[in-house]
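4 protein chains.
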Amino acid sequence: MNSRSAAAALISETGRGTKAAILNAALAAFGEKGFNGASTRDVAAGAGTSLSNLYNYFPSKSHLLAELLQRANDELLNRTSAAVQAAGDDPADRMREAVKAYVGFVVDHQTAALVAISEIRYLHGEHRERIVRARDSTQAIFGEIIAEGVAQGRFTTPYPDGAARNIVSMCSAISTWYRAGGRLSRKALAEQHARYALALLETRD
Amino acid sequence: MNSRSAAAALISETGRGTKAAILNAALAAFGEKGFNGASTRDVAAGAGTSLSNLYNYFPSKSHLLAELLQRANDELLNRTSAAVQAAGDDPADRMREAVKAYVGFVVDHQTAALVAISEIRYLHGEHRERIVRARDSTQAIFGEIIAEGVAQGRFTTPYPDGAARNIVSMCSAISTWYRAGGRLSRKALAEQHARYALALLETRD
Amino acid sequence: MNSRSAAAALISETGRGTKAAILNAALAAFGEKGFNGASTRDVAAGAGTSLSNLYNYFPSKSHLLAELLQRANDELLNRTSAAVQAAGDDPADRMREAVKAYVGFVVDHQTAALVAISEIRYLHGEHRERIVRARDSTQAIFGEIIAEGVAQGRFTTPYPDGAARNIVSMCSAISTWYRAGGRLSRKALAEQHARYALALLETRD
Amino acid sequence: MNSRSAAAALISETGRGTKAAILNAALAAFGEKGFNGASTRDVAAGAGTSLSNLYNYFPSKSHLLAELLQRANDELLNRTSAAVQAAGDDPADRMREAVKAYVGFVVDHQTAALVAISEIRYLHGEHRERIVRARDSTQAIFGEIIAEGVAQGRFTTPYPDGAARNIVSMCSAISTWYRAGGRLSRKALAEQHARYALALLETRD
DNA sequence: CATGAATGAGTCTTCATTCAT
DNA sequence: GATGAATGAAGACTCATTCAT
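Taken in sequence, the protein lines are chains W, L, P and S. Quick note on the UniProt record's numbering: the first sequence kicks off at 1 and runs consecutively. Quick note on the UniProt record's numbering: the second sequence kicks off at 1 and runs consecutively. Quick note on the UniProt record's numbering: the third sequence kicks off at 1 and runs consecutively. Quick note on the UniProt record's numbering: the fourth sequence kicks off at 1 and runs consecutively.
Source of the hints: derived by calculation from the structure; they are not laboratory data. Take the hints with a grain of salt, since some may be wrong.
Calculated lysine-lysine pairs in the DSS-like style (CA-CA distance at most 30 Å, straight line) [what the hints assert, rightly or not]:
id, chain 1, residue 1, chain 2, residue 2
1, W, 33, L, 61
2, P, 61, W, 61
3, P, 61, S, 19
4, W, 61, L, 33
5, L, 61, L, 19
6, S, 187, P, 33
7, L, 61, L, 33
8, W, 61, S, 33
9, S, 61, S, 33
10, S, 19, P, 33
11, P, 33, L, 33
12, P, 33, P, 19
13, L, 33, W, 19
14, S, 61, P, 33
15, S, 33, P, 61
16, P, 61, P, 33
17, L, 19, W, 19
18, W, 33, W, 19
19, W, 61, W, 33
20, P, 61, P, 19
21, L, 19, L, 33
22, W, 61, W, 19
23, L, 187, W, 33
24, W, 61, L, 61
25, S, 19, S, 33
26, S, 187, P, 19
27, S, 61, S, 19
If you anchor each label on the Cβ, the simulated ranges turn out as follows [stated by the list, open to error]:
id, chain 1, residue 1, chain 2, residue 2, range
28, W, 137, P, 129, 44 to 50 Å
29, S, 45, W, 60, 14 to 20 Å
30, P, 55, L, 144, 53 to 59 Å
If you only want the chain W side, here are some residues facing chain L, beta carbon under 10 Å, derived [what the hints assert, rightly or not]:
id, residue
31, 37
32, 121
33, 123
34, 125
35, 143
36, 166
37, 169
38, 176
39, 177
40, 192
Please read these numbers as outputs of a predicted model, since none were measured by experiment. C-beta atoms are modelled at their ideal positions from N, C-alpha and C, and glycine is treated no differently.
Turn these sequences into a full structure, and let the hints steer you where they fit.
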């Protein structure tokens with residue numbers, strides 16, 4: 001499965017072995033059945049280990065989800081901020097690169113992106129707050145670019161305040177329908193959404 | 001709670017008494033804990049009836065979800081198509097009204113809108129297909145307006161094909177963050193999103 | 001089993017049917033294996049019902065223990081205070097009757113008496129406090145008799161303060177070794193311990 | 001904690017290092033949660049070693065309990081018989097010293113005393129028999145003194161047969177309520193219980 | 001319509017113990 | 001001696017659902 005292997009990439013960058021296998025299996029299971037629909041047995045079986053051994057690595061099912069979401073949000077934040085920093089000063093350029101980085105992440109780690117938006121509601125307490133913080137940091141990048149662009153007269157939308165949320169929404173929604181090997185290439189998808197974003201902001205040349 | 005009472009409105013339009021109470025309780029429960037996180041006991045307790053009596057009205061938990069989603073999607077489809085029909089011929093006007101109708105639905109039935117997008121994945125078989133059909137019909141309205149607008153040169157986006165999905169995405173995502181009594185009024189929210197939609201389509205006067 | 005039927009008497013005084021069967025099974029299981037050593041499955045099996053049905057009657061294993069101990073302590077308190085009230089004014093007579101009532105309870109409900117002293121440590125919070133209160137009330141009866149007897153010069157022990165605890169200790173310890181049908185009759189056992197108690201208090205004629 | 005350090009003394013008299021640490025941790029854990037309520041993980045953690053290393057010292061959890069109880073009963077038997085031997089010929093003196101030795105043990109090793117009476121029921125087979133033997137030996141010392149005293153007309157109780165059990169009961173019950181630093185000193189407690197014992201036996205001068 | 005009692009399969013998690021290193 | 005990884009069985013408890021009344 002494509003999403004599996006992409007996720008594997010996300011996770012095995014930081015570790016191999018049983019722990020990585022468990023994280024990958026959890027990602028697949030949560031992606032397929034949802035956090036509450038997937039059982040710890042599903043996860044253990046998917047990881048090729050025993051149910052009890054899973055608890056040598058993660059103290060609870062929630063910790064599993066938390067670590068998954070933390071990794072996904074960290075990776076997304078890293079990619080997006082790196083892309084923006086590599087872009088020049090022009091807010092439109094910066095926005096374009098931000099969108100392309102975001103879309104790239106969603107395509108590369110589709111299941112992780114899907115789980116990140118749909119299962120975060122099942123985290124509570126500190127776990128949740130930590131992840132929400134990371135997620136908000138990513139959205140803040142878009143917000144800052146928009147503020148700059150508006151200040152410079154580059155973006156002329158009368159509603160700059162809700163724009164970041166909508167742009168991010170559009171990008172992450174890709175995770176809900178995208179199928180690898182479909183009509184649109186990764187690159188085309190990124191270009192398309194960058195264009196939507198700039199249009200939505202009413203960018204003027 | 002606002003979402004509760006709004007949801008109640010959605011449901012009691014078509015029924016009073018225990019069945020409506022069950023549907024409302026199910027909506028509240030699924031909205032708060034997700035389909036798999038909410039138990040039939042939660043639902044029965046919320047409806048103020050016995051667990052077993054619930055099965056006199058719905059043969060299974062899935063049927064409950066299906067009926068909920070059917071009603072929500074029907075209402076959304078009705079509102080949207082009515083709004084479009086009431087609008088004139090101009091694709092921009094039609095799009096504006098469609099978006100406003102959609103946003104209005106999300107605000108009026110926030111929990112139902114939220115459950116409709118996040119829990120449909122837990123329906124299977126015929127139930128699912130029926131609901132997906134209704135959902136697609138709604139999106140098709142937007143697609144048709146876009147096609148008209150592009151044909152008439154009113155919308156100049158180079159990517160008309162993905163636009164409907166993104167506009168609908170933006171509108172339904174409101175259900176994930178909107179809080180009644182917040183900064184934006186129902187009307188302002190509708191205006192704003194209508195503007196985003198037209199901008200995204202690169203509408204020209 | 002003798003302890004079983006005695007316990008049954010304690011419980012069926014207040015109820016018949018599944019709930020009583022569960023309480024009796026719990027008493028037998030906790031008596032035989034201890035609270036932590038007995039499983040809820042043991043209890044359900046002993047009651048001839050399913051594990052899950054047990055939870056229709058008691059919300060948790062702890063509640064089961066709490067109800068058991070409450071009933072035992074209530075019965076013990078009732079018997080003891082009734083016996084004391086029926087006795088005359090003489091502190092020695094009152095003490096004698098109190099001890100005989102206590103011993104009678106231990107013999108009649110040996111398992112309940114055993115569980116009451118050995119498993120109360122596994123109750124926590126409010127459950128525990130409620131039971132401790134009942135237990136202390138019983139001991140207080142002995143304490144008051146001792147205080148009267150000392151005031152009247154009937155009991156001459158130089159250590160009246162610890163005496164109640166020790167007398168109660170002796171009585172309840174019977175539950176740890178008594179076997180029905182043994183050398184001592186119920187009545188002889190009661191006489192014997194009454195004599196021990198009066199001797200310990202250094203009663204003078 | 002006093003009981004901890006006292007227990008430590010009991011154990012480290014015969015061993016230092018990891019094995020003693022494990023025994024001490026087991027004593028603390030069994031004392032706090034009971035044999036079935038404490039896990040081998042609790043014990044290992046309390047001893048500051050790994051769970052698997054515990055099995056290098058004790059082949060099973062039961063062996064741990066058995067060794068604990070053996071040591072406790074041995075120490076109690078040694079103290080008691082030594083005290084009796086050091087006492088003169090008078091049965092009353094001998095009884096007084098026996099009780100004082102017993103009470104002294106309970107105070108010095110409160111947790112061990114508590115575990116010895118409350119957890120022996122979780123031992124089976126040979127383990128149990130060995131410990132029961134030691135325990136009975138201790139009680140037999142009291143029984144013999146009583147027999148002597150009765151023969152000499154020093155003890156006039158009409159029920160000499162159950163007296164040893166009750167005296168021992170009273171002494172060991174101290175472990176269930178005593179708190180170091182409380183109202184009664186170790187010495188006062190011993191005197192008090194010696195007096196109770198002699199009174200119970202109806203000792204005459 | 002409505003209910004209380006019942007159940008078998010399943011939930012997450014912990015258990016005592018083993019084994020390769 | 002010491003450890004981290006592993007496991008099968010069992011722990012308490014909840015699930016969606018059924019049935020007799």
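To see whether the hints hold, each was checked on the structure:
1. W:33 <-> L:61: holds (16 Å)
2. P:61 <-> W:61: It holds: about 24 Å lies between the C-alpha atoms, which stays within 30 Å.
3. P:61 <-> S:19: Roughly 35 Å between the alpha carbons, so the hint for residue 61 (chain P) and residue 19 (chain S) is violated.
4. W:61 <-> L:33: holds (16 Å)
5. L:61 <-> L:19: Answer holds: residue 61 (chain L) to residue 19 (chain L) is near 14 Å, not above 30 Å.
6. S:187 <-> P:33: violated (37 Å)
7. L:61 <-> L:33: Distance ~14 Å between residue 61 (chain L) and residue 33 (chain L) Cα, so the pair holds.
8. W:61 <-> S:33: Between residue 61 (chain W) and residue 33 (chain S) the Cα gap is close to 27 Å, so the pair holds against 30 Å.
9. S:61 <-> S:33: holds (14 Å)
10. S:19 <-> P:33: holds (29 Å)
11. P:33 <-> L:33: violated (39 Å)
12. P:33 <-> P:19: holds (21 Å)
13. L:33 <-> W:19: Answer holds: residue 33 (chain L) to residue 19 (chain W) is near 28 Å, not above 30 Å.
14. S:61 <-> P:33: holds (16 Å)
15. S:33 <-> P:61: Roughly 16 Å separates the two Cα atoms, so the pair holds.
16. P:61 <-> P:33: holds (14 Å)
17. L:19 <-> W:19: With a Cα-Cα distance of about 47 Å, the restraint between residue 19 (chain L) and residue 19 (chain W) is violated, given a limit of 30 Å.
18. W:33 <-> W:19: holds (21 Å)
19. W:61 <-> W:33: holds (14 Å)
20. P:61 <-> P:19: holds (14 Å)
21. L:19 <-> L:33: Holds, because 21 Å separates the two Cα atoms, which is no more than 30 Å.
22. W:61 <-> W:19: holds (14 Å)
23. L:187 <-> W:33: Not OK: residue 187 (chain L) and residue 33 (chain W) at ~37 Å, beyond 30 Å, violated.
24. W:61 <-> L:61: Holds, because 24 Å separates the two Cα atoms, which is no more than 30 Å.
25. S:19 <-> S:33: holds (21 Å)
26. S:187 <-> P:19: The hint is violated at about 50 Å.
27. S:61 <-> S:19: At roughly 14 Å apart (the allowed maximum being 30 Å), residue 19 (chain S) and residue 61 (chain S) satisfy the hint.
28. W:137 <-> P:129: 44 to 50 Å: Check passed, 48 Å falls within 44 to 50 Å.
29. S:45 <-> W:60: 14 to 20 Å: Given about 19 Å between the Cβ atoms, the range holds.
30. P:55 <-> L:144: 53 to 59 Å: holds (55 Å)
31. 37: Constraint on residue 37 (chain W) satisfied, holds at 5 Å.
32. 121: holds (7 Å)
33. 123: violated (12 Å)
34. 125: Not OK, violated: residue 125 (chain W) not within 10 Å of chain L, min 16 Å.
35. 143: Since chain L brings no Cβ nearer than about 14 Å to residue 143 (chain W), farther than 10 Å, the hint is violated.
36. 166: holds (5 Å)
37. 169: holds (4 Å)
38. 176: holds (8 Å)
39. 177: holds (7 Å)
40. 192: holds (5 Å)
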